[in-house]
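Colleague: If you want the building blocks of each chain, they are given just below.
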Amino acid sequence: MPELKSIIESFLFVSEEPLTLEKMKLALPETDVKAIKEAIQMLKDEYDHRKGSICLVEVAGGYQLRTRPEYADWIRKIIQPFAQRLSPAALETLAIIAYKQPIMRSDIEHIRGVDAGGIIRMLLDRKLIKILGRKEIPGRPLIYATTRHFLEIFGLRDIKDLPVPKDISDLGKPTVEAHEMTFPNNFIPTPDENT
Amino acid sequence: MPELKSIIESFLFVSEEPLTLEKMKLALPETDVKAIKEAIQMLKDEYDHRKGSICLVEVAGGYQLRTRPEYADWIRKIIQPFAQRLSPAALETLAIIAYKQPIMRSDIEHIRGVDAGGIIRMLLDRKLIKILGRKEIPGRPLIYATTRHFLEIFGLRDIKDLPVPKDISDLGKPTVEAHEMTFPNNFIPTPDENT
Amino acid sequence: MFSDIYKVQLENIFEGPMDLLIYLIRKNEVNIYDIPISLITNRYLEYIEWLKAMNVDIAGDFLVMAATLIHIKSRMLLPVHEDSDEEDPRQEIARPLLEYLRMKSAALQLNERELLGEHTFIRSPAKTSGAGNLQDREIRVDLFELIQAFQRIIDNLSPDIAIDVVAEKLSIKDRMIELIWLLKDRGSLIFQELILSLDGKIEIIITFLAILEMVKRNAASIIQHTDTGNITLYLNESP
Chain F
6 MPELKSIIES
16 FLFVSEEPLT
26 LEKMKLALPE
36 TDVKAIKEAI
46 QMLKDEYDHR
56 KGSICLVEVA
66 GGYQLRTRPE
76 YADWIRKIIQ
86 PFAQRLSPAA
96 LETLAIIAYK
106 QPIMRSDIEH
116 IRGVDAGGII
126 RMLLDRKLIK
136 ILGRKEIPGR
146 PLIYATTRHF
156 LEIFGLRDIK
166 DLPVPKDISD
176 LGKPTVEAHE
186 MTFPNNFIPT
196 PDENT
Chain H
6 MPELKSIIES
16 FLFVSEEPLT
26 LEKMKLALPE
36 TDVKAIKEAI
46 QMLKDEYDHR
56 KGSICLVEVA
66 GGYQLRTRPE
76 YADWIRKIIQ
86 PFAQRLSPAA
96 LETLAIIAYK
106 QPIMRSDIEH
116 IRGVDAGGII
126 RMLLDRKLIK
136 ILGRKEIPGR
146 PLIYATTRHF
156 LEIFGLRDIK
166 DLPVPKDISD
176 LGKPTVEAHE
186 MTFPNNFIPT
196 PDENT
Chain W
43 MFSDIYKVQL
53 ENIFEGPMDL
63 LIYLIRKNEV
73 NIYDIPISLI
83 TNRYLEYIEW
93 LKAMNVDIAG
103 DFLVMAATLI
113 HIKSRMLLPV
123 HEDSDEEDPR
133 QEIARPLLEY
143 LRMKSAALQL
153 NERELLGEHT
163 FIRSPAKTSG
173 AGNLQDREIR
183 VDLFELIQAF
193 QRIIDNLSPD
203 IAIDVVAEKL
213 SIKDRMIELI
223 WLLKDRGSLI
233 FQELILSLDG
243 KIEIIITFLA
253 ILEMVKRNAA
263 SIIQHTDTGN
273 ITLYLNESP
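Chains as they are written, first to last, in this note's numbering: chain F, 6 to 200; chain H, 6 to 200; chain W, 43 to 281.
Simulated from the structure, these hints should not be mistaken for laboratory data.
Warning: the hint list may mix true and false statements.
[Claimed, not checked] Mimicking BS3-like on lysine-lysine, the simulated pairs with C-alpha atoms at most 27 Å apart in a straight line are: (1) LYS82(H) - LYS42(F); (2) LYS132(H) - LYS178(H); (3) LYS10(F) - LYS39(F); (4) LYS115(W) - LYS69(W); (5) LYS132(F) - LYS105(F); (6) LYS39(F) - LYS82(H); (7) LYS165(H) - LYS10(F); (8) LYS10(F) - LYS56(H).
[Said to hold, decoys possible] If you want a taste of the chain H side facing chain W, the calculated C-beta under 7 Å gives, among others: (9) PHE18; (10) TYR52; (11) LEU96; (12) ALA100; (13) TYR104; (14) VAL119; (15) ASP120; (16) GLY123; (17) GLY144; (18) ARG153; (19) GLU157; (20) ASP166; (21) ILE173; (22) LEU176; (23) PRO179.
[As the list claims (entries may be wrong)] Example chain W residues on the side facing chain F (calculated, C-beta under 10 Å, incomplete): (24) PRO78; (25) ALA95; (26) TYR142; (27) GLN151; (28) GLU156.
Note that the Cβ used here is the ideal one computed from N, Cα and C, for glycine as well.
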């Protein structure tokens with residue numbers, strides 16, 4: 006039998022999506038989870054130590070081999086990602102669903118102040134969100150939540166791994182052009198003064 | 006700039022097919038072919054030396070990262086439980102049964118316009134549908150309905166929770182996205198067409 | 043044609059009234075916890091007027107926000123008792139604004155992450171890999187795909203085939219007709235067996251109500267066997 010570490014490496018190499026501990030355990034019934042975990046850690050250390058282009062990350066409830074960000078510019082020269090972009094509006098909607106899930110369409114629209122139908126549909130198409138079911142209130146509206154694919158794309162281990170949204174009360178100086186409506190990152194969060 | 010060897014590794018990692026020297030040269034216009042070849046050899050030696058599950062092979066006029074043959078048996082264990090997608094035909098048949106249940110085979114075939122026997126059997130095998138009984142009409146044909154397992158797969162509590170096409174059309178058209186962030190399509194697993 | 047151009051611009055710049063409001067608050071450098079409501083309301087209305095003058099279609103959302111602002115402004119004019127615990131009317135707008143800003147910051151934080159497909163890449167394993175035993179493989183499909191599959195069928199359906207999009211609802215009347223039909227065929231039905239053949243609570247309840255209705259209308263009789271306890275349903279001879 007080859008080394009456990011290498012077997013796990015081969016698993017990760019052929020997996021289409023982040024591989025969970027449970028799935029590895031199923032494929033290795035005679036190995037205990039603790040040993041699998043240790044082997045994963047060893048493999049991760051090895052990749053880090055070797056300083057190649059590949060690293061082992063914990064994401065979307067599992068483990069995955071990925072290229073290091075430093076290589077992105079080079080990789081884009083060899084493959085042409087069909088660039089599909091998320092607009093600020095789509096990102097905001099996605100953020101609302103991520104932080105407030107499970108959430109109804111009307112609640113999303115309440116926060117953003119505009120219709121969200123088209124964006125919800127696009128996010129469903131892109132498998133970043135899913136229909137979770139219906140809310141037991143009159144009209145039985147659909148409720149939405151983010152998917153595992155969302156975690157995978159954004160490199161999150163699980164939904165608890167989401168960054169804490171900052172409370173922003175200082176809106177900063179206005180920009181000259183209305184086009185630059187996006188907010189600078191360096192807002193200084195001030196204590197909530199709500200009374 | 007990262008090491009040439011690592012850049013090439015990142016190329017090989019993300020390429021779906023064996024990567025030719027010409028393609029690498031195109032992505033690295035300032036590096037000469039000899040240096041690329043040397044880097045490939047170094048990388049190959051490194052993989053051989055390391056004795057992991059991955060190796061670099063020259064194949065089909067190019068280079069490719071592959072798992073070593075010794076790992077094939079192990080890999081089959083992890084590939085096997087992998088999620089499978091339903092073919093469009095199976096999905097459509099399942100959709101008809103889900104929305105129109107209880108339903109006879111002849112009605113399914115009437116709607117889809119093609120024989121449904123094979124797909125019905127497959128859906129029965131996969132425990133997505135069940136035989137509910139016979140319809141009390143001449144010939145006493147079998148009638149089908151979805152199962153509890155179907156609800157589990159789709160994360161529904163009750164068949165009443167099943168969204169209808171109207172729920173989706175109410176969302177309107179998906180918004181056309183044309184801003185900032187790139188999401189490549191080619192990394193989102195595409196449905197298997199070969200069920 | 044000009045109005046088309048402006049329409050596009052408005053949507054690009056201020057996607058909704060919240061965006062416009064935030065822009066005005068920033069432009070006038072005011073504190074979101076202490077919004078000078080009449081200034082902001084006036085600016086907001088000026089902007090809407092300007093848009094109207096430019097012949098731009100204004101979404102209803104913008105007008106709703108205008109009404110909200112005017113309402114807050116009028117409430118601010120009312121005298122407030124010193125010791126009143128009534129909250130500042132401006133909270134009605136400040137709270138959602140802060141929430142919106144929080145979500146905007148969350149969106150930015152998401153955008154700053156190392157995104158798969160942009161900063162980091164995974165292998166796309168060959169599709170040929172691993173046939174495996176199909177029976178045991180789990181199914182990866184989501185509801186949206188199922189609805190889309192159904193939509194596809196409806197779209198491709200020839201016009202002579204009509205199908206209801208909404209799942210059929212059982213009515214008591216339909217159930218009665220079905221039961222009468224079954225009874226005519228079989229002569230009698232054993233209640234316990236009938237219930238067992240049903241799927242789901244709703245169906246059982248509907249069937250039960252249908253039986254009660256039939257008995258009430260004297261269309262059927264229920265007889266319980268003294269030994270077995272079986273309840274049998276018979277069709278009454280129609281007069």
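Colleague: It remains to establish, for every hint, whether it holds in the given structure.
Modeller: Against the structure, the hints:
Note on LYS82(H) and LYS42(F): the hinted pairing holds, with a Cα-Cα distance of about 18 Å set against a maximum of 27 Å. Between the alpha carbons of LYS132(H) and LYS178(H) the distance comes to roughly 34 Å, so the proposed pair goes past 27 Å and is violated. Distance check on the hinted pair: LYS10(F) and LYS39(F) sit about 13 Å apart at the alpha-carbon level, within 27 Å; holds. Under the criterion of a C-alpha separation no larger than 27 Å, the hint pairing LYS115(W) with LYS69(W) is consistent with the structure, at around 20 Å.
For the given pair, LYS132(F) sits about 18 Å from LYS105(F) by alpha-carbon distance, which is consistent with the 27 Å threshold. With a C-alpha separation of about 20 Å, the suggested pair LYS39(F) and LYS82(H) falls inside the 27 Å cut-off, and the hint holds. With a CA separation close to 47 Å, the supplied pair LYS165(H) and LYS10(F) exceeds the 27 Å bound. At most 27 Å may separate the alpha-carbon atoms for a hinted pair to count; LYS10(F) and LYS56(H) meet this at roughly 11 Å.
Hint status for PHE18(H): holds, given a least beta-carbon distance of 6 Å to chain W, under 7 Å. At its closest, the beta carbon of TYR52(H) sits 15 Å from a beta carbon of chain W; the interface hint therefore is violated under the 7 Å criterion. Checking LEU96(H) against chain W: minimum C-beta separation of about 4 Å stays under 7 Å; hint holds. For ALA100(H), the interface hint holds, since its Cβ comes within 7 Å of a Cβ in chain W; the closest pair sits about 4 Å apart.
Checking TYR104(H) against chain W: minimum C-beta separation of about 6 Å stays under 7 Å; hint holds. The beta carbon of VAL119(H) is not positioned within 7 Å of any beta carbon in chain W (closest approach about 12 Å), and the interface hint is therefore violated. Proximity of ASP120(H) to chain W is violated relative to the hint, the smallest CB-CB distance being about 16 Å (cut-off 7 Å). Annotation: interface hint on GLY123(H) violated; nearest CB of chain W at approximately 13 Å, more than 7 Å.
With a cut of 7 Å, the hint placing GLY144(H) at the interface with chain W is violated, because the nearest CB-to-CB distance is about 14 Å. Nearest Cβ of chain W to the Cβ of ARG153(H): about 10 Å, over the 7 Å cut. The hint is violated. Hint status for GLU157(H): violated, given a least beta-carbon distance of 10 Å to chain W, over 7 Å. A least Cβ separation of about 9 Å between ASP166(H) and chain W goes past the 7 Å threshold, and the interface hint is therefore violated.
With 7 Å as the threshold, the beta carbon of ILE173(H) comes within range of chain W, its nearest partner Cβ sitting at about 5 Å, so the hint holds. Against a cut-off of 7 Å between C-beta atoms, the interface hint on LEU176(H) is violated, since the closest Cβ of chain W lies about 10 Å away. Annotation: PRO179(H) was flagged as interfacial toward chain W, and the flag is violated, the nearest CB pair being 11 Å apart, outside 7 Å. Taking 10 Å as the C-beta contact cut-off toward chain F, the hint placing PRO78(W) at the interface is violated, the least distance being around 14 Å.
Annotation: ALA95(W) was flagged as interfacial toward chain F, and the flag is violated, the nearest CB pair being 17 Å apart, outside 10 Å. With 10 Å as the threshold, the beta carbon of TYR142(W) comes within range of chain F, its nearest partner Cβ sitting at about 6 Å, so the hint holds. About 4 Å separates the beta-carbon of GLN151(W) from the nearest beta-carbon of chain F, less than 10 Å, and the hint is met. Checking GLU156(W) against chain F by beta carbon gives a least distance of about 5 Å; that is within 10 Å, so the hint holds.
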